[in-house]
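Respectively, the protein sequence lines represent chains A and B. Be aware that the first sequence starts at 1400, since it is given in the numbering used here, and climbs by one per residue. Be aware that the second sequence starts at 467, since it is given in the numbering used here, and climbs by one per residue.
Heads up, simulated PhoX-like pairs for lysine-lysine below, C-alpha to C-alpha not over 25 Å straight-line:
(1) A/1400 - B/530
(2) B/507 - A/1503
(3) B/507 - B/532
(4) B/507 - A/1400
(5) B/480 - A/1441
(6) B/507 - A/1441
(7) B/521 - A/1400
(8) A/1503 - A/1441
(9) A/1441 - B/486
(10) B/486 - B/532
(11) B/532 - B/480
Chain B is faced by these chain A residues, among others (derived, beta-carbon under 7 Å):
(12) 1442
(13) 1443
(14) 1503
Simulated from the structure, these hints should not be mistaken for laboratory data. Beta carbons: idealized from backbone N, C-alpha and C, even for Gly.
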Amino acid sequence: KQEVTQIPAALSVPEGENLVLNCSFTDSAIYNLQWFRQDPGKGLTSLLLIQSSQREQTSGRLNASLDKSSGRSTLYIAASQPGDSATYLCAVPNSGNTPLVFGKGTRLSVIA
Amino acid sequence: GAVVSQHPSWVICKSGTSVKIECRSLDFQATTMFWYRQFPKQSLMLMATSNEGSKATYEQGVEKDKFLINHASLTLSTLTVTSAHPEDSSFYICSARDGVARSYNEQFFGPGTRLTVL
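Take the sequences, apply the hints, and build the full model.
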C-alpha cells in the first residue's frame, strides 16, 4: 500500500529565503507526482505535476524534482514571500486511473 | 481549462437530515471522479471512486449506504450524506480526471464543501 510522507510537518522562514520541502513515497511504481497548495479552509490548487519519466518541472519560483527510484520528490521555493504561506501537499497515483494518495502536508509560514 | 466546481461551498444541517453535494467538471468530460474527506489538520483521505455510468467503489470503512454517490453523466457526480451526524462534519473535496482529452491523467480538484452537522 502506497504511503506518502512529507518532511518537515511545519516550517517558518523569514521572507526572501529559499526553501525546500520534501516528499517520499514507499512504492516507486508511480504514474506521476503532484504538488498542491492548500490555504486554510480552502480547496487544493495544483502547483506542479511531474510525469514518471520526468526529472523536474518548473513554474515561476517553484521547482519540483522527482527521483522515482529512491522514492523522493522535493519542492524548491525561491525567494519566499508571505503570500506563499499555506500547506503544501504532495500526492501520487499508482496508475493513471487510481486516486491520489496524499502526504500530511508541510505547513509553511513566511514571515515578513 | 480544467475547472471543477462544487456546490454548495458550505452547508449547515441538523442531525438526521440528508445533504447532497454536487461536483461538476465545467470544461471537460470526467470519466472518473474521486471523493475525498478532510478532517481538521489532517490530509485528504479517499472515500470513493466514481466512474460514469457504473457503481462507485468505496474505500474500506466508508459506508456506501450512508454516502451515496451517483455519477450519471460525464460532467456531474453527486455525494449524498444520508442521516448526517455531527461526526460527519468535515471538508468534502471532489476531483475529476479528464480521461478523454488529456493523456497524462492529471486530476483537478473542486474548491471543497464544508459540512457542519449540528
